[in-house]
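Trainee: All letters in the sequence shown, in the order written, are residues -22 to -1, 1 to 240 by mature numbering (1 follows the signal peptide of the UniProt record, and there is no 0).
The set of hints was computed from the structure by calculation and includes no laboratory data.
Treat the hints with caution; some may be incorrect.
As the list claims (entries may be wrong) - Below, in silico cross-link-like pairs of lysine-lysine (DSSO-like), each with a Cα-Cα straight-line distance of 27 Å or less: (1) K38 / K108; (2) K76 / K108; (3) K114 / K76.
Stated by the list, open to error - Derived Cβ-Cβ restraints for the label pairs, each shown as a range: (4) R93 / G216: 37 to 47 Å; (5) T195 / V166: 12 to 22 Å; (6) T195 / H79: 41 to 51 Å; (7) D104 / S181: 42 to 52 Å; (8) L80 / T49: 23 to 33 Å; (9) D104 / A171: 17 to 27 Å; (10) Y88 / R135: 19 to 29 Å; (11) G216 / S146: 12 to 22 Å.
Even glycine gets a Cβ: it sits at the ideal position worked out from N, Cα and C.
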Amino acid sequence: MSEGQRCLGIVVLLIHTVIGSGEGPSPPPSSQSSTIRPEENELTVTFPPLDDLVYGTQEKQFGTENNTVVTSQTGSTALLPCVIRNIGDGIVSWIRRKDYHLLTVGLTTYSSDQRFQAIHLQHSEDWTLKVRFVQKRDAGIYECQVSSHPPSSIFLRLDVVEARAQISGPTEKYLKPGSTLRLQCSVVQTTEAPAFVFWYHNSRMINYDLERGINVTTDPEQRLSDLLIPAASVSHAGNYTCVPNNAVPASIYVHIFNGKYI
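Given these sequences and hints, build the entire structure.
Mentor: As C-alpha coordinates, this is what we get:
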(Lines of atoms letter the chains of each structure in order from A and count residues from 1; the text may use other names and numbers.)
(Lines give C-alpha, C1' and ligand atoms only; values in the text may rest on other atoms or scores of the structure.)
Protein backbone atom coordinates (compact mmCIF):
# COMPACT_ATOMS: atom_id res chain seq x y z
CA MET A 1 0.00 0.00 0.00
CA SER A 2 1.35 3.32 -0.97
CA GLU A 3 1.78 6.24 1.41
CA GLY A 4 -1.09 8.18 -0.21
CA GLN A 5 -3.53 5.30 0.12
CA ARG A 6 -2.57 4.93 3.78
CA CYS A 7 -3.37 8.65 4.49
CA LEU A 8 -6.71 8.41 2.69
CA GLY A 9 -7.66 5.40 4.79
CA ILE A 10 -6.88 7.28 8.00
CA VAL A 11 -9.10 10.23 6.96
CA VAL A 12 -12.01 7.91 6.12
CA LEU A 13 -11.59 6.13 9.46
CA LEU A 14 -11.71 9.42 11.32
CA ILE A 15 -14.90 10.48 9.52
CA HIS A 16 -16.62 7.24 10.44
CA THR A 17 -15.50 7.61 14.03
CA VAL A 18 -16.98 11.14 14.34
CA ILE A 19 -20.28 10.18 12.72
CA GLY A 20 -20.57 7.09 14.80
CA SER A 21 -20.01 8.94 18.09
CA GLY A 22 -22.66 11.61 17.27
CA GLU A 23 -20.12 14.40 17.58
CA GLY A 24 -19.83 17.06 15.00
CA PRO A 25 -20.95 20.60 14.26
CA SER A 26 -23.96 21.69 16.29
CA PRO A 27 -27.17 21.85 14.29
CA PRO A 28 -28.80 25.22 13.81
CA PRO A 29 -31.30 26.06 16.54
CA SER A 30 -34.78 24.72 15.94
CA SER A 31 -37.87 26.87 15.92
CA GLN A 32 -38.56 25.70 19.47
CA SER A 33 -35.29 27.01 20.88
CA SER A 34 -35.33 30.26 22.94
CA THR A 35 -35.28 33.42 20.82
CA ILE A 36 -34.10 36.88 21.93
CA ARG A 37 -36.89 39.33 21.14
CA PRO A 38 -35.86 42.70 19.68
CA GLU A 39 -37.45 44.65 22.51
CA GLU A 40 -35.31 42.78 25.04
CA ASN A 41 -32.18 43.89 23.29
CA GLU A 42 -33.25 47.48 22.50
CA LEU A 43 -31.55 50.51 24.06
CA THR A 44 -33.76 53.60 24.11
CA VAL A 45 -32.21 57.01 24.76
CA THR A 46 -34.28 60.20 25.01
CA PHE A 47 -32.47 63.48 24.46
CA PRO A 48 -33.82 66.81 25.78
CA PRO A 49 -34.29 69.74 23.35
CA LEU A 50 -31.08 71.29 22.14
CA ASP A 51 -31.86 74.62 23.83
CA ASP A 52 -32.24 72.84 27.17
CA LEU A 53 -28.86 71.13 26.70
CA VAL A 54 -27.18 74.42 25.87
CA TYR A 55 -29.01 76.90 28.10
CA GLY A 56 -30.79 74.71 30.61
CA THR A 57 -34.56 74.56 31.05
CA GLN A 58 -35.99 78.05 30.59
CA GLU A 59 -39.04 79.00 32.58
CA LYS A 60 -41.47 81.75 31.67
CA GLN A 61 -41.00 84.84 33.82
CA PHE A 62 -42.20 88.43 33.91
CA GLY A 63 -39.67 91.19 33.38
CA THR A 64 -42.16 93.86 34.49
CA GLU A 65 -42.52 94.20 38.24
CA ASN A 66 -45.89 93.29 39.69
CA ASN A 67 -47.97 96.26 40.98
CA THR A 68 -46.19 98.70 38.67
CA VAL A 69 -47.86 102.14 38.70
CA VAL A 70 -48.23 104.14 35.48
CA THR A 71 -49.35 107.77 35.71
CA SER A 72 -50.93 109.48 32.73
CA GLN A 73 -52.81 112.70 32.24
CA THR A 74 -56.22 113.11 30.66
CA GLY A 75 -56.13 113.39 26.90
CA SER A 76 -52.70 111.79 26.57
CA THR A 77 -51.64 108.25 25.61
CA ALA A 78 -50.91 105.74 28.37
CA LEU A 79 -48.52 102.81 27.84
CA LEU A 80 -48.77 99.88 30.28
CA PRO A 81 -45.70 97.61 29.82
CA CYS A 82 -45.68 93.84 30.22
CA VAL A 83 -42.31 92.20 29.53
CA ILE A 84 -42.42 88.38 29.43
CA ARG A 85 -39.33 86.22 28.99
CA ASN A 86 -39.44 82.69 27.52
CA ILE A 87 -43.12 83.00 26.67
CA GLY A 88 -42.99 80.01 24.31
CA ASP A 89 -46.45 79.29 22.92
CA GLY A 90 -48.18 81.42 25.55
CA ILE A 91 -50.77 84.00 24.53
CA VAL A 92 -50.97 87.38 26.25
CA SER A 93 -54.29 88.91 27.27
CA TRP A 94 -55.07 92.26 28.89
CA ILE A 95 -58.00 92.46 31.30
CA ARG A 96 -59.51 95.50 33.05
CA ARG A 97 -60.02 94.25 36.58
CA LYS A 98 -62.75 96.58 37.83
CA ASP A 99 -65.28 94.96 35.49
CA TYR A 100 -63.24 91.93 34.29
CA HIS A 101 -63.53 93.30 30.77
CA LEU A 102 -61.35 91.46 28.23
CA LEU A 103 -59.52 94.14 26.29
CA THR A 104 -57.05 92.29 24.04
CA VAL A 105 -55.93 88.76 23.20
CA GLY A 106 -52.63 88.60 21.37
CA LEU A 107 -52.72 91.53 18.99
CA THR A 108 -56.51 91.44 18.61
CA THR A 109 -58.65 94.04 20.39
CA TYR A 110 -61.77 92.46 21.88
CA SER A 111 -63.13 95.61 23.50
CA SER A 112 -65.62 97.75 21.61
CA ASP A 113 -63.58 100.70 22.88
CA GLN A 114 -60.99 101.02 20.15
CA ARG A 115 -58.81 103.28 22.30
CA PHE A 116 -57.28 100.07 23.68
CA GLN A 117 -54.60 98.31 21.63
CA ALA A 118 -51.90 95.70 22.30
CA ILE A 119 -48.46 96.65 20.96
CA HIS A 120 -45.85 93.96 20.27
CA LEU A 121 -42.85 93.98 17.94
CA GLN A 122 -41.73 90.68 16.43
CA HIS A 123 -39.03 88.92 18.49
CA SER A 124 -39.47 91.40 21.36
CA GLU A 125 -40.50 90.40 24.88
CA ASP A 126 -42.77 93.39 25.49
CA TRP A 127 -46.57 93.24 25.22
CA THR A 128 -47.67 96.81 25.93
CA LEU A 129 -51.26 97.92 26.40
CA LYS A 130 -51.78 101.28 24.69
CA VAL A 131 -54.64 103.50 25.83
CA ARG A 132 -55.27 106.54 23.64
CA PHE A 133 -57.03 109.73 24.78
CA VAL A 134 -56.93 108.71 28.43
CA GLN A 135 -59.99 109.61 30.52
CA LYS A 136 -60.45 109.77 34.29
CA ARG A 137 -62.62 106.63 34.15
CA ASP A 138 -59.68 104.64 32.75
CA ALA A 139 -57.93 104.74 36.13
CA GLY A 140 -57.66 101.41 37.93
CA ILE A 141 -56.03 97.97 37.89
CA TYR A 142 -55.13 96.14 34.67
CA GLU A 143 -54.07 92.50 34.42
CA CYS A 144 -51.47 91.16 31.99
CA GLN A 145 -52.17 87.43 31.74
CA VAL A 146 -50.23 84.69 29.95
CA SER A 147 -52.04 81.48 29.01
CA SER A 148 -50.45 78.51 30.76
CA HIS A 149 -51.49 75.76 33.17
CA PRO A 150 -52.44 77.49 35.38
CA PRO A 151 -52.44 81.01 33.83
CA SER A 152 -49.92 83.46 35.27
CA SER A 153 -50.47 87.20 35.64
CA ILE A 154 -49.11 90.49 36.89
CA PHE A 155 -51.13 93.58 37.77
CA LEU A 156 -50.49 97.22 36.89
CA ARG A 157 -52.23 100.33 38.20
CA LEU A 158 -53.08 103.25 35.95
CA ASP A 159 -53.37 106.59 37.75
CA VAL A 160 -54.98 109.39 35.75
CA VAL A 161 -54.29 113.02 36.63
CA GLU A 162 -55.85 116.13 35.18
CA ALA A 163 -53.20 118.67 34.25
CA ARG A 164 -54.11 122.26 35.01
CA ALA A 165 -52.68 125.72 34.67
CA GLN A 166 -51.96 127.76 37.77
CA ILE A 167 -51.25 131.50 37.87
CA SER A 168 -49.20 132.42 40.92
CA GLY A 169 -50.68 134.88 43.39
CA PRO A 170 -54.27 135.84 44.21
CA THR A 171 -57.07 135.59 41.66
CA GLU A 172 -57.26 139.41 41.49
CA LYS A 173 -54.47 141.95 41.12
CA TYR A 174 -54.59 145.73 41.73
CA LEU A 175 -52.16 148.07 39.98
CA LYS A 176 -51.70 151.78 39.32
CA PRO A 177 -51.12 153.00 35.75
CA GLY A 178 -47.43 152.77 34.81
CA SER A 179 -46.80 149.84 37.14
CA THR A 180 -45.22 146.61 35.93
CA LEU A 181 -47.62 143.74 35.40
CA ARG A 182 -45.98 140.36 35.68
CA LEU A 183 -47.92 137.09 35.56
CA GLN A 184 -46.42 133.63 35.78
CA CYS A 185 -48.34 130.52 34.74
CA SER A 186 -47.19 127.01 35.62
CA VAL A 187 -48.66 123.73 34.38
CA VAL A 188 -49.08 121.30 37.28
CA GLN A 189 -50.05 117.63 37.58
CA THR A 190 -48.78 117.01 34.08
CA THR A 191 -46.86 114.04 32.71
CA GLU A 192 -46.10 115.73 29.39
CA ALA A 193 -44.68 119.14 28.62
CA PRO A 194 -47.17 121.44 26.87
CA ALA A 195 -46.58 122.00 23.18
CA PHE A 196 -47.62 125.64 23.61
CA VAL A 197 -49.18 128.05 26.10
CA PHE A 198 -51.45 130.86 24.92
CA TRP A 199 -52.31 133.98 26.91
CA TYR A 200 -55.61 135.76 26.44
CA HIS A 201 -56.61 139.26 27.52
CA ASN A 202 -60.36 138.98 27.75
CA SER A 203 -61.06 137.14 24.46
CA ARG A 204 -57.96 138.28 22.55
CA MET A 205 -54.85 136.13 22.18
CA ILE A 206 -51.88 138.35 23.11
CA ASN A 207 -48.77 136.16 22.76
CA TYR A 208 -47.52 138.32 19.89
CA ASP A 209 -49.07 141.66 20.91
CA LEU A 210 -45.75 143.49 21.06
CA GLU A 211 -47.20 146.81 19.88
CA ARG A 212 -49.19 146.98 23.11
CA GLY A 213 -46.05 146.40 25.17
CA ILE A 214 -46.86 142.78 25.99
CA ASN A 215 -44.08 140.19 26.17
CA VAL A 216 -44.70 136.46 26.56
CA THR A 217 -41.92 133.92 27.14
CA THR A 218 -42.59 130.20 27.51
CA ASP A 219 -40.36 127.33 28.63
CA PRO A 220 -42.29 124.13 27.80
CA GLU A 221 -39.78 121.82 29.50
CA GLN A 222 -40.10 123.75 32.76
CA ARG A 223 -43.88 123.98 32.28
CA LEU A 224 -43.68 127.76 32.75
CA SER A 225 -44.95 130.78 30.83
CA ASP A 226 -44.43 134.44 31.81
CA LEU A 227 -46.38 137.49 30.73
CA LEU A 228 -44.75 140.89 31.22
CA ILE A 229 -46.11 144.40 30.66
CA PRO A 230 -43.42 146.90 31.81
CA ALA A 231 -45.79 149.89 31.96
CA ALA A 232 -49.40 148.85 32.35
CA SER A 233 -52.16 151.27 31.39
CA VAL A 234 -55.88 151.31 32.03
CA SER A 235 -56.35 149.52 28.69
CA HIS A 236 -54.48 146.55 30.12
CA ALA A 237 -57.08 145.97 32.82
CA GLY A 238 -59.32 142.95 32.51
CA ASN A 239 -59.28 139.17 32.60
CA TYR A 240 -56.07 137.27 31.77
CA THR A 241 -56.21 133.56 30.97
CA CYS A 242 -53.33 131.11 30.64
CA VAL A 243 -54.25 128.28 28.22
CA PRO A 244 -51.81 125.35 27.81
CA ASN A 245 -52.70 122.98 24.99
CA ASN A 246 -52.90 119.99 27.35
CA ALA A 247 -54.24 121.39 30.61
CA VAL A 248 -57.23 123.12 32.17
CA PRO A 249 -56.83 126.93 31.81
CA ALA A 250 -56.38 129.38 34.70
CA SER A 251 -57.52 133.01 34.94
CA ILE A 252 -56.79 136.14 36.95
CA TYR A 253 -58.44 139.55 36.93
CA VAL A 254 -56.27 142.69 36.83
CA HIS A 255 -57.58 146.05 38.05
CA ILE A 256 -55.69 149.16 36.95
CA PHE A 257 -56.91 152.53 38.24
CA ASN A 258 -55.87 155.63 40.15
CA GLY A 259 -56.77 155.86 43.81
CA LYS A 260 -56.86 153.47 46.70
CA TYR A 261 -57.26 149.73 46.18
CA ILE A 262 -60.48 148.21 47.37
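Trainee: Of the hints stated earlier, which fail here?
Mentor: none
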